[in-house]
Amino acid sequence: MTNWSGLIEVTVKIRIIAGLSALAAAAALTSCSAEPSSDKGDGPRKITVWIMKDSVTEDFLARFTKDFEKGRPDLDLDIQIQEWNGIGEKVTAALASNDAPDVIEVGNTQVAQYSASGGVKDLTGKVDDLRGADWLPGLAEPGRIDGKQFGVPWYAANRVVIYHKDHFAAAGVKEPPKTRDEWLAITEKLNTGKVQGIYLPGQNWYTLAGFVWDEGGDLAVRTGGPWKGALDSPEALRGMEFYKKLQALGKGPKDSDEAEPPQAEVFAKGDVAQVVAVPGGAKIIEEANPELAGKLGFFPVPGDSAGTPGATFTGGSDLIIPEASAHHDAAYEVVKALAGEKWQTDMAKTMSYVPNRTSLASVIQDNEGTAAMAAAAAQGRATPNSPQWAAVEAANPIKEYMTAVLTGQDMAEAAKAASGSITKTLNS
Amino acid sequence: MKDATAPAGDRPARAPRGPRRPPRPASRRPPSRLPLNTGALIVFVLAAFPVYWMILTAFKPTPEIQAETPVFWPTSLTLEHFATAARADGFAQFWRNSLLVTLTCVVLALVVALGAAFAVARLRWKGRRGFVLMVFVAQVAPWEALLIPMYVIARDTDMLDRLPTLTLIYFMITLPFTVVTLRSFLTGIPVELEEAARVDGCTRSQAFRRVTLPLLAPGLLATSLFGFITAWNEFAFANMLIIKNQDDRTLPVWLSSFSNVFGTDWGATMAASTLFALPVLLLFLVLQHRVAAGMAGGAVKG
Amino acid sequence: MSRPAPAGATGGVGARVRGLWPYLLIAPTVLGAVALLGYPLVRNLLISVQEYGMGELIRGDAGFAGLANYREVLADPEFWEVVRRTLWWTLLNVVLIMVLGTLVALMLQRLGRAMRLLVTSGLVLAWASPVIATTTVFQWLFASRLGVVNWFLTRLGFASFEGFSWTADGTAAFVVLVLLVVWQSVPFVAITLYAALLTVPAELHESARLDGAGGWRIFRSVTLPILRPVFGLILCLEIIWVFRCFAQIWAITGGGPHDATTTLPVYAYRIAQSLHRYDLGAVVSTLTVLLLLAVLIPYLRQLLRQEAEE
Numbered sequence: 357m358t359n360w361s362g363l364i365e366v367t368v369k370i371r372i373i374a375g376l377s378a379l380a381a382a383a384a385l386t387s388c389s390a391e392p393s394s395d396k397g398d399g400p401r402k403i404t405v406w407i408m409k410d411s412v413t414e415d416f417l418a419r420f421t422k423d424f425e426k427g428r429p430d431l432d433l434d435i436q437i438q439e440w441n442g443i444g445e446k447v448t449a450a451l452a453s454n455d456a457p458d459v460i461e462v463g464n465t466q467v468a469q470y471s472a473s474g475g476v477k478d479l480t481g482k483v484d485d486l487r488g489a490d491w492l493p494g495l496a497e498p499g500r501i502d503g504k505q506f507g508v509p510w511y512a513a514n515r516v517v518i519y520h521k522d523h524f525a526a527a528g529v530k531e532p533p534k535t536r537d538e539w540l541a542i543t544e545k546l547n548t549g550k551v552q553g554i555y556l557p558g559q560n561w562y563t564l565a566g567f568v569w570d571e572g573g574d575l576a577v578r579t580g581g582p583w584k585g586a587l588d589s590p591e592a593l594r595g596m597e598f599y600k601k602l603q604a605l606g607k608g609p610k611d612s613d614e615a616e617p618p619q620a621e622v623f624a625k626g627d628v629a630q631v632v633a634v635p636g637g638a639k640i641i642e643e644a645n646p647e648l649a650g651k652l653g654f655f656p657v658p659g660d661s662a663g664t665p666g667a668t669f670t671g672g673s674d675l676i677i678p679e680a681s682a683h684h685d686a687a688y689e690v691v692k693a694l695a696g697e698k699w700q701t702d703m704a705k706t707m708s709y710v711p712n713r714t715s716l717a718s719v720i721q722d723n724e725g726t727a728a729m730a731a732a733a734a735q736g737r738a739t740p741n742s743p744q745w746a747a748v749e750a751a752n753p754i755k756e757y758m759t760a761v762l763t764g765q766d767m768a769e770a771a772k773a774a775s776g777s778i779t780k781t782l783n784s
Numbered sequence: 020m021k022d023a024t025a026p027a028g029d030r031p032a033r034a035p036r037g038p039r040r041p042p043r044p045a046s047r048r049p050p051s052r053l054p055l056n057t058g059a060l061i062v063f064v065l066a067a068f069p070v071y072w073m074i075l076t077a078f079k080p081t082p083e084i085q086a087e088t089p090v091f092w093p094t095s096l097t098l099e100h101f102a103t104a105a106r107a108d109g110f111a112q113f114w115r116n117s118l119l120v121t122l123t124c125v126v127l128a129l130v131v132a133l134g135a136a137f138a139v140a141r142l143r144w145k146g147r148r149g150f151v152l153m154v155f156v157a158q159v160a161p162w163e164a165l166l167i168p169m170y171v172i173a174r175d176t177d178m179l180d181r182l183p184t185l186t187l188i189y190f191m192i193t194l195p196f197t198v199v200t201l202r203s204f205l206t207g208i209p210v211e212l213e214e215a216a217r218v219d220g221c222t223r224s225q226a227f228r229r230v231t232l233p234l235l236a237p238g239l240l241a242t243s244l245f246g247f248i249t250a251w252n253e254f255a256f257a258n259m260l261i262i263k264n265q266d267d268r269t270l271p272v273w274l275s276s277f278s279n280v281f282g283t284d285w286g287a288t289m290a291a292s293t294l295f296a297l298p299v300l301l302l303f304l305v306l307q308h309r310v311a312a313g314m315a316g317g318a319v320k321g
Numbered sequence: 269m270s271r272p273a274p275a276g277a278t279g280g281v282g283a284r285v286r287g288l289w290p291y292l293l294i295a296p297t298v299l300g301a302v303a304l305l306g307y308p309l310v311r312n313l314l315i316s317v318q319e320y321g322m323g324e325l326i327r328g329d330a331g332f333a334g335l336a337n338y339r340e341v342l343a344d345p346e347f348w349e350v351v352r353r354t355l356w357w358t359l360l361n362v363v364l365i366m367v368l369g370t371l372v373a374l375m376l377q378r379l380g381r382a383m384r385l386l387v388t389s390g391l392v393l394a395w396a397s398p399v400i401a402t403t404t405v406f407q408w409l410f411a412s413r414l415g416v417v418n419w420f421l422t423r424l425g426f427a428s429f430e431g432f433s434w435t436a437d438g439t440a441a442f443v444v445l446v447l448l449v450v451w452q453s454v455p456f457v458a459i460t461l462y463a464a465l466l467t468v469p470a471e472l473h474e475s476a477r478l479d480g481a482g483g484w485r486i487f488r489s490v491t492l493p494i495l496r497p498v499f500g501l502i503l504c505l506e507i508i509w510v511f512r513c514f515a516q517i518w519a520i521t522g523g524g525p526h527d528a529t530t531t532l533p534v535y536a537y538r539i540a541q542s543l544h545r546y547d548l549g550a551v552v553s554t555l556t557v558l559l560l561l562a563v564l565i566p567y568l569r570q571l572l573r574q575e576a577e578e
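Chains as they are written, first to last, in our numbering: chain A, 357 to 784; chain B, 20 to 321; chain C, 269 to 578.
So here's chain A without its partners, still in its complex pose:
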């Protein structure tokens, strides 16, 4: 089969190839010599901190780093921003390694599983030093396993409704809605022509969870023994029903969540009347479109009856120190600073977050967005407190369920399938 005629030609080309392989070999050699040497020298110790993408501004981190390193010439703070995508694998790999980052920010729905794993340093003895007596329960509890405190509360944020004042005025809406029925009516009024009454992506499951709680349902329940997914309870179905009605009053995609596309960017284009987000979202919106500055208003997600705002998901983060960190003491100093009054106040002001301690709540009182949030905070809820909950979020049957319902599949059936999947994951 050999192509005899091709042989000669090929022989000529050998020179080109020889050149190529020489290049490649050279690259191979470089790779050995260019290997970075680990810094075990006498320089400042490098303290690595993992912060999640978009949890705080770069400006905040820069200020913190400068302030922290001042007076600590022996420490060099290296803050690495982590992506949400695949973070579970990443943190697990870090906890199990021999040389882990020294401080890691983890979501409050995920801190439980890491705490239970044995790879996180027990900080029970430091709770008093951190003044943990009045920590927000939504952050402190998931970080506590069997009475031991592993996760240190960092910040929390509740969902509120951010609205575009011009669109409200144009539609003749004078006051934000007080009940969910009012909310629907107003949103319908707003949803005209180019303007979307509300931009609610189909998979914003935190918002759905709020409606479900409001109706008296839950995502999963535990009656004594094993967990059971509860999306198929009548209460939960009513919550989804409401979500579906609300979602239809805008052009939110049915098959993606609030991060894709980033809803702040959608809102920033100016044709959206309302969006459900943490108050800090307004900052990002204004950053994307400065013309909207001063035109954004806030109100708590309405509840069933006037007077009590709706239940909302309390999102937030804890800080953990991996056992495998080589600098436990320095790591603790970082945690203490980030969780302490000075930087908590700063975060509350710049990011509109709820500080980690209830006694600090006063610092956010004069802020419109956080005021709406504070009203909602009393109704704040968390996801089912199981170390396995993070696994549910990783595959997220709730999102699939929502898309299924919104694209016209049978609600009861889809809810049953999703509940089954939650049950299985929570008990595995």
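Think of the hints as simulated: they come from the structure by calculation, not from any bench. Hints are supplied without guarantee of correctness; some may be wrong.
With a cut-off of at most 25 Å between alpha-carbon atoms, the simulated SDA-like pairs for lysine to any residue come out as follows [as the list claims (entries may be wrong)]:
#	chain 1	residue 1	chain 2	residue 2
1	B	Lys145	C	Leu492
2	A	Lys446	B	Ala111
3	A	Lys625	B	Ala111
Covered stretches of chain A, going by a simulated chain B footprint (3 or more residues, C-beta under 8 Å) [to be verified]:
#	stretch
4	454-463
5	651-661
None of these values were measured; they are calculated from a predicted model. Backbone N, C-alpha and C define an ideal beta-carbon position, used for all residues, glycine too.
With chain A held as given, fit chains B and C onto it using these hints.
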């Protein structure tokens, strides 16, 4: 593909027609090339369109990307998306890392595989059959599943967070395929050529270097391209084994986070994909003739 | 590692007793395979008979669990559902790839020079694009908003595709993945087969034609026999490739919606990485390898027979 190697396809059918009429008109060439060419065009469009669309989107101004009616031929081009992509943190660094890991792995695999392929194709020894079987079965290795054991091993040998670890793993991922194909190529080159050279006074290794190796070049190229693509693409190990040393991340890891960073900024995402695909596409387009010819040469003897 | 099987040390072309040489030449390969593949496989096997979760991974104190993990996986109806789906996924893709690839190869053979160059360039573009890049492109093509595919289908008169979400519906998501995998694989098959076709001596065709054989008969009696070995190899590679396909599925659907696109590799990855049941993940991957080997046994046997003949 090379004309020199294409005796069958190219030649116009000048087969003398006997008195018998061909039973089917289809076997006659001239009648109409139209259906055939239409089919060819469709295949071309289907094959090339996604790549075209990627590159086009990367160059299109944002309003055209978001137009309700897709713009298939842009009125103006912009480099803005490439700027966005290239400005993203550490892009150049990750590009370099990927190239380094990939090239090292490819060269390593070629050298090691060449020895093994030679032993299998040219020498007789006890255990050859078992070895061939082992190499073949190694192609079935469930790499994604070895993530955890590999992680544990790397951790226990202090090899986490290092690019050479990735290089070694990619080397092993590409090695079996490299051995199998190189061996096929080698089998395709007549031993007589080597022997003739030895008659002329070459030693065995000289004969191999001067006669066989040059003939093997297309094979080496074809195989290395496959190795290149495999290593260039690898994500799971790169994501799991490079933990704290973030400067050592590779391009696929960066690209996967990229779609997060930019949400549905399809322009920037496509620009990033284009930059990612670029080296492979270029290499392929330049070398396609030799590679395809090589593939056939190798595979025929399979 | 397989120990040397008895092989004929009989003479033949170039057959001389080379002493240690062959073993030295294969030593790096064997060493690499043992250290970088064999050992991890053994560790994987070990994990599959231990109780191994996130805690054990971190603390490294896994207890022996015997075959309990295997029992747990094999008793789970979901696993069998995934196995069925994987076989169906492999069959569908491989058949499509081989048929389309062959057709394109035959077409290439009949095309004029310019057209052939055009088509091969297109194929090479599709072939050479890295999986991660093309997967991203397919997400963009099939995006529910502004996606070209939805626009095109709507234009063709299928109004229901306006804003259609391809990843929300099980069948639709499956279709997208099949299209992607077929699109990525056909060029390799077509180009390799075409190149192999070139080695069919023209004289054979002509004499067959002289005998009055039609197109199909020529294909069956002249072309096919010559293509068979290549065909076998490609078929094998495609089966392995499609069966093990992971990155595409993971990136586009993550195995959803409602597991409609969960094949064995995705299943194993999800159990290990999302549920942190590394033991069960190891079980699934071990079973996956066994299954794949079972599918490939006919070819492996043929391979061994060929080796024996040589």
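Now for the hints, and whether the structure bears them out:
no. : hint                 : result
1   : B:Lys145 to C:Leu492 : violated (35 Å)
2   : A:Lys446 to B:Ala111 : holds (23 Å)
3   : A:Lys625 to B:Ala111 : violated (32 Å)
4   : 454-463              : holds (count 4)
5   : 651-661              : violated (count 0)
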